[in-house]
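**Student:** Taken in order, these protein sequences are the chains called H and G.
Note that the numbering used here numbers the first sequence so that position 7 is 7, with each residue one more than the last.
Note that the numbering used here numbers the second sequence so that position 42 is 42, with each residue one more than the last.
Errors might be hidden in some of the hints.
Simulated restraints on C-beta separations [said to hold, decoys possible]: (1) Glu115/G x Glu78/H: 22 to 30 Å; (2) Gly64/H x Ser273/G: 32 to 40 Å; (3) Gly108/H x Lys318/G: 30 to 38 Å; (4) His117/G x Lys25/H: 28 to 36 Å; (5) Asn69/G x Asn22/H: 25 to 33 Å; (6) Val19/H x Asp45/G: 56 to 64 Å; (7) Gly27/H x Ala249/G: 21 to 29 Å; (8) Ala249/G x Ser57/H: 17 to 25 Å; (9) Lys4/H x Pro16/G: 51 to 59 Å; (10) Asp131/G x Lys106/H: 21 to 29 Å; (11) Ser103/H x Gln27/G: 44 to 52 Å; (12) Asn69/G x Lys25/H: 53 to 61 Å.
Just so you know, the hints here were simulated from the structure itself, not pulled from any lab data.
Just so you know, even glycine gets a beta-carbon here, dropped at the ideal spot from N, CA and C.
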Amino acid sequence: MAGKERAIPAPGVNPETEVFWNAAKEGKFLLRSCDDCGKSHWYPRAVCPHCLSEKTSWHEHKGGGTIYSVSVMARAPEVYAVAYVTLDGGPTMMTNIVDCDFSTLKIGQKVKLVFKPTQGEGAPPFPMFTPA
Amino acid sequence: MTIKGKAYIAGAFEHPTRLAKDKSVAQLHAESAAGALRDAGLTKDDVDGYFCAGDAPGLGPLGMADYMNLKLKHLDSTDVGGCSYISHVSHAAQAIAMGKCKVALITLAGRPRSEGHSGATPRMRGADAPDTQWEFPLGIATVNAYAMVAARHMYEFGTTSEQLAWVKVAASHHAQHNPHAMLRDVVTVEQVVNSPLIATPLHRLDCCVVSDGGGALVVVHPDIAKTLKRPMIKVLGAGESMKGQMGGAVDLTYSAAVRSGPMAFSEAGVKPSDIKYASIYDSFTITVVVQLEDLGFCEKGKGGAFVADGNLISGVGKLPFNTDGGGLCNNHPANRGGITKVIEAVRQARGEAHPAVQVKNADLVLAHGTGGLLGSRHGGATLILERE
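Using the sequences plus the hints, can you model the full thing?
**Tutor:** Here's what the structure looks like:
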């Protein structure tokens, strides 16, 4: 297992994204999709990055995915792993892989979503992943 | 319209300092400017265009332009990270071609070594940047963003740590001849792969130095270049682009060089195999491998094999690169390596590199850089220069 865990700074929520973070507090992981072109994207935006449509909406995702790439910060005071995870049927998102033996992490590995608390009272948890 | 032949690099200067505890950032900019103007044989009163990026203290170009008391007809503070200054040469040539200015000064300076800023620390790039809330909490720093590119390159193409290490080995062979280089010891592949892992799979010796310093360039109209005593180094072609996460269609296997490179080669009317010397931004060893592939010096995925066995060492390999020792060994002022890439390319084209690393008849040279993070969003700029 990992040693001491890194304190995660709270995300700077804004009006465009507060629905996502409020849902995260309830344990729900939302993806933003376009009502015009039908594609989902990451990170969530009000305006679709695929077609610039302003008609986008939130949809819940189950949080399964596959590691696209991963790097372990081996010499940080608290070792941690940054990664890109490709969501099942969805976009690829930057994240952390947590609660695991970092030395075993591999590209192509299946992972599942876990919300991790961030710093500060009332701050929303952050979507991260752990081996499935 | 083209910038081909419309402008010349007349002055180039790399500040000799690598640790500037007793200087300000503004002072380093101005000292670099003075050095480049001296090199060109021009004075500050000849300058009518000024270019800088986010390392310049003050509001855009205003702070430094006023510090140096410049009288300007054209200003540009395009910031695409460490490759900004390569773009600035292109923008300066455009402005000169359009008649907006005749003598363009470009400066860079910074003190990350004195101030303790390295690529291992997550950096906030503006609280309201749209990506900040999604990425800053993850501890994304410079080194682990590039490391994810390296990990994927290894997964897709079988690239090895030993192949990446050859990039550093080649840089160290060059740096031994540079009295200003931060790291002058020649290193071996074994030393690189046995140095501590910083962000897997990148080791300490896969990473560039953190240095204080600065640099400046002077780009001039052909009529002015002809009156100066320096070799005529013509701007032959340039390209710039960027690449991001494509809305979640992330692909870490290539860089913005796939667009900036072909634009530059097309404008210059040359091909990669014509290039005698290349300055390739070496923030990390993997940066060089990806950019060389994307610029067309080798096939996609074959970069590891291309850089191995000394192929980047001047006098040994087919493509001599970063003969000043590059960012990996010589200098990475302001944590931005673009201007030093152009400076060494100019030295090579003039025949003024160190004799031990000078490429014979280096009349066609290239400088390419990546700014920002190769692993998330980055700028790319390519410049091709020819000695007349």
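**Student:** Work down the list of hints and note, for each, if the structure agrees.
**Tutor:** Against the structure, the hints:
1. At about 24 Å, the CB distance of Glu115/G to Glu78/H agrees with the hint of 22 to 30 Å.
2. Range check, Gly64/H to Ser273/G: Cβ separation about 47 Å, and the 32 to 40 Å hint is violated.
3. Distance hint check: the CB atoms of Gly108/H and Lys318/G are about 35 Å apart, consistent with the given range 30 to 38 Å.
4. In this structure the hint that His117/G and Lys25/H lie 28 to 36 Å apart at CB holds, the actual value being about 34 Å.
5. Judged by the Cβ atoms, the range 25 to 33 Å given for Asn69/G and Asn22/H is violated: they are separated by roughly 54 Å.
6. Range check, Val19/H to Asp45/G: Cβ separation about 58 Å, and the 56 to 64 Å hint holds.
7. Distance hint for Gly27/H and Ala249/G: a CB-CB separation of about 28 Å, consistent with the stated range 21 to 29 Å.
8. Taking 17 to 25 Å as the suggested C-beta distance range, the pair Ala249/G and Ser57/H conforms, at roughly 20 Å.
9. A hinted range of 51 to 59 Å for the beta carbons of Lys4/H and Pro16/G is inconsistent with their spacing of about 43 Å.
10. A beta carbon spacing of about 26 Å between Asp131/G and Lys106/H agrees with the range 21 to 29 Å that was offered as a hint.
11. Between Ser103/H and Gln27/G the Cβ separation comes to about 47 Å, which falls inside the hinted range of 44 to 52 Å.
12. The beta-carbon spacing between Asn69/G and Lys25/H, approximately 55 Å, falls within the hinted interval of 53 to 61 Å.
Comparing the model with each numbered hint stated earlier shows that hints 2, 5, 9 do not hold.
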